[in-house]
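Enquirer: Residue strings, one per chain:
2 protein chains.
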Amino acid sequence: MAKDFSTREENYSKWYNDIVQRADLAENSAVRGCMVIKPYGYAIWELMQSALDQMFKDTGHSNAYFPIFIPKSFFSKEADHVEGFAKECAVVTHYRLKNDPNGKGVVVDEDAKLEEELIIRPTSETIIWDTYRNWVQSYRDLPILVNQWANVVRWEMRTRMFLRTAEFLWQEGHTAHATKEEALEETRKMLDVYSVFAEKFMAIPVLKGVKSENERFAGAIDTYCIEALMQDGKALQAGTSHFLGQNFAKAFDVKFTSKEGKLEYVWATSWGVSTRLIGALIMAHSDDHGLVLPPKLAPIQVVIVPIYKNEEQYKLVCDKADEIRLELQKKGIRVKLDDRDTYKPGWKFNEYEFKGVPLRLAIGPRDVENETIEIARRDTLEKSIYNQKDLANKIVHLLEAVQDNLYQKALTFRDTRTYYADSWDEFKQLLEKGGFIYAHWDGTTETEQKIKEETKATIRCIPLVSKKEEGKCIYSGKPSSQRVVFALAY
Amino acid sequence: MAKDFSTREENYSKWYNDIVQRADLAENSAVRGCMVIKPYGYAIWELMQSALDQMFKDTGHSNAYFPIFIPKSFFSKEADHVEGFAKECAVVTHYRLKNDPNGKGVVVDEDAKLEEELIIRPTSETIIWDTYRNWVQSYRDLPILVNQWANVVRWEMRTRMFLRTAEFLWQEGHTAHATKEEALEETRKMLDVYSVFAEKFMAIPVLKGVKSENERFAGAIDTYCIEALMQDGKALQAGTSHFLGQNFAKAFDVKFTSKEGKLEYVWATSWGVSTRLIGALIMAHSDDHGLVLPPKLAPIQVVIVPIYKNEEQYKLVCDKADEIRLELQKKGIRVKLDDRDTYKPGWKFNEYEFKGVPLRLAIGPRDVENETIEIARRDTLEKSIYNQKDLANKIVHLLEAVQDNLYQKALTFRDTRTYYADSWDEFKQLLEKGGFIYAHWDGTTETEQKIKEETKATIRCIPLVSKKEEGKCIYSGKPSSQRVVFALAY
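First to last, the sequence lines map onto chains F and Y. Under the working numbering, residues 5 to 494 are what the first sequence spells out, in order. Under the working numbering, residues 5 to 494 are what the second sequence spells out, in order.
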């Protein structure tokens, strides 16, 4: 490990940035708040996309594409939405440049001013519900189950790669239903899709819950979410699924004739996850040696490094290594043979360790002779010698073991950082340790905001699975019927 | 066929728009010049993306993502580029809205004016080469073989769905090389990828060539292109691959230390295709009965329509149809069983015919009894009765036959519309017929522009494959060593 790389304990925030940059995931661009997602980082996003897209299609959704521009007036149509959203965003006012009359490059052509400004979508409810109006006449046109993969822009003042950037990539599902029940079912179904994805693919245990009124999406009746715990004890909202009621249908006048012949407003949901998930992935598993990736989302699952002293050995070892590479590839494993002669094995070991490749295979002349191979696990940093016989199956099992181990480690970490606070003092002490704190709350926004002001802690969610339990609000002492989950959060 | 649907002869332009809209491919949005790509149209794009992406990866490329915003000053850095491009584009000038003090919705917050305006990318050479500067030090860092799937915006005054829209989706490859030869090889390799894709997947024969200086991409040394012929005899540029020389490396100061230890500028290429390809696909194959899709790009390759008179028959027929559906699905065929009881078979026949589904299977009680099935081909509109035995393999062969037939039809059409003109009068007469015209040209931009002014015809390309042939320019009578291809174009 290079000396200029921080450990988590020294400086968690720098540790995170170092990983993002040195593992070649992303970098800051020339445009304030916007990042460049580099090929290795983007390959992780492609794996996420591919898994999620399949899950969306398996649950009956299709993809579509809506304009990046939203007429300014659309934001005012849904009152809560404009309050919560439309403020910090990129505004297009002109549609032409011209040569600077003074000969200094180009300037905005003031004659090409738009009649109505266009906003770059921070989210697409408004433009999509304006479109749905023409798609829906009768109950036969419902449900509409549409998803969009797109870029969105929110002009954040303080940005951080993957976690909070001015432009980011995401998917946004927007569905339309004939009944409230069906829309609610969809909202919860997509929350389940997200939680299965987080646990099975990202190897991150998540808490499913509902947001308090204060933390709700602007325009939603209810916001469901999954919350994950990072290694510094802070929570990260990893995905949200909104039950929008009839708010957007009313704002954009989307009605349908029901089976009974009545004209009714359509019920809506929306749900999304973004490149922020890559930030969560980094912070959940990585260690002081660099990035750690769960095999299911690792662009390279296995790297083979040949060990040799001379040209004769190089040929011998690389031939065998290439055979192994092919064998693994046939099993569907994402494998890379790094046979570059310009870098030494030690350099390569560091490189792939830092980039979080789950398994590293090293093979030398002695191994070729003995039909053995050394396998190093990134998650445990353990090395073992294996016989080459039936290697592909052994690798498949090892990859599964790494995936499981990362999930178990994250689960154990979360369990040891899950606390119950029964008094205000206890609450404040536990907050310093970092983690999820189950505590009673009186249900008012006033109390929620006071707690936030005094401690920066927010209600992450009202958990879906929890026992009813009478208690007293840790802040106000007023009665409460259920514990909610507090944490400091990203 | 509905009466309000135009034929090609009646009104080609309306015929095109009718297909786009009635086949549920796309529609105009509330934002001028921007379209909504509907699920059925987007599914075609997904199939295109998936095939192209695999071809890019097979040729060693990785995907990455760069900011949608480009600082205004970047456009002035490459002199030709700014001349050719930076004029009609969306300009972001502010980053915040605020509540209207008069209570009428939201207005732009004048306090939130950007110091430097940001342009929504019309293409990304500038921001990408600004990034590459930090990626390249030594020859060991080369080549960079990167592609981006993204949305871009060009503020077109006259728009047409898929063919020319203000926002469109595309991919843009941007590669960096140590030598001129390597960059040229890449430029041609990607042109080949495009032409293979057009011919094998889209079933459209294309002409490979080089653009004249006048038609070159702004900032390129050479622009290679593939040109396709539409049914109205107009040409459509279906993809371009640019050899950029060292222009962008010089503009953004991207140098590397060569093997010999010398500091040199990097060589560049860029190449792209867009959702415009969907427009080409429609215009190449569709007929007066609606859309016709080549099986490789058809979201639904086979539709099964049950025929029945009563509930008993419905169950009998649907059970069998579902068996067949599963059998086809196992073979990897994209099959849909439309067992909706709310629409009649005749309505469904029209619907899928209009949507260009390559094969339609109809099955009734008699078929169940006789183990037969009726198959209708969309390309020929022929119906035949087949035995159900070994049906999946028969369908696989039929789909191949449809794919081949569409290509052959398009090839024959192009051949019959390919002309040789040896005089100015002949040239003008042939132009009225529509098609590709091979003619001698004196090689000057002056002549090219005069021909364009007088006839609207442009040089589509200087074909890569052509015999050298001495001749005289059809317009100026000056000597010429090779025929070039003229046409009216989209």
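In short, the hints are calculated from the structure, not lab data. Watch out, some of these pointers could steer you wrong.
Since copy identity is lost for identical chains, a pair holds within one copy or between any two.
Taking lysine to aspartate or glutamate and the EDC-like style, the derived pairs with C-alpha atoms no more than 20 Å apart in a straight line are [unchecked claim]: (1) Lys-61 to Glu-50; (2) Lys-81 to Asp-104; (3) Lys-102 to Glu-119; (4) Lys-413 to Asp-394.
Enquirer: Each hint: holds or not?
Expert: Outcome of the hint check:
For the homomeric pair Lys-61 and Glu-50, the shortest alpha-carbon distances inside one copy (16 Å) and between copies (13 Å) are both at most 20 Å. For the homomeric pair Lys-81 and Asp-104, the shortest alpha-carbon distance between copies (14 Å) is at most 20 Å, but the shortest distance inside one copy (39 Å) is not. Proximity of Lys-102 to Glu-119 under the C-alpha cut-off of 20 Å is found in both arrangements, the shortest distances being 19 Å within a copy and 18 Å between copies. In this assembly of identical chains, the alpha carbons of Lys-413 and Asp-394 never lie at most 20 Å apart, being 29 Å within a copy and 51 Å across copies at closest.
Hint check: a violation occurs at hint 4 only; the rest are consistent with the structure.
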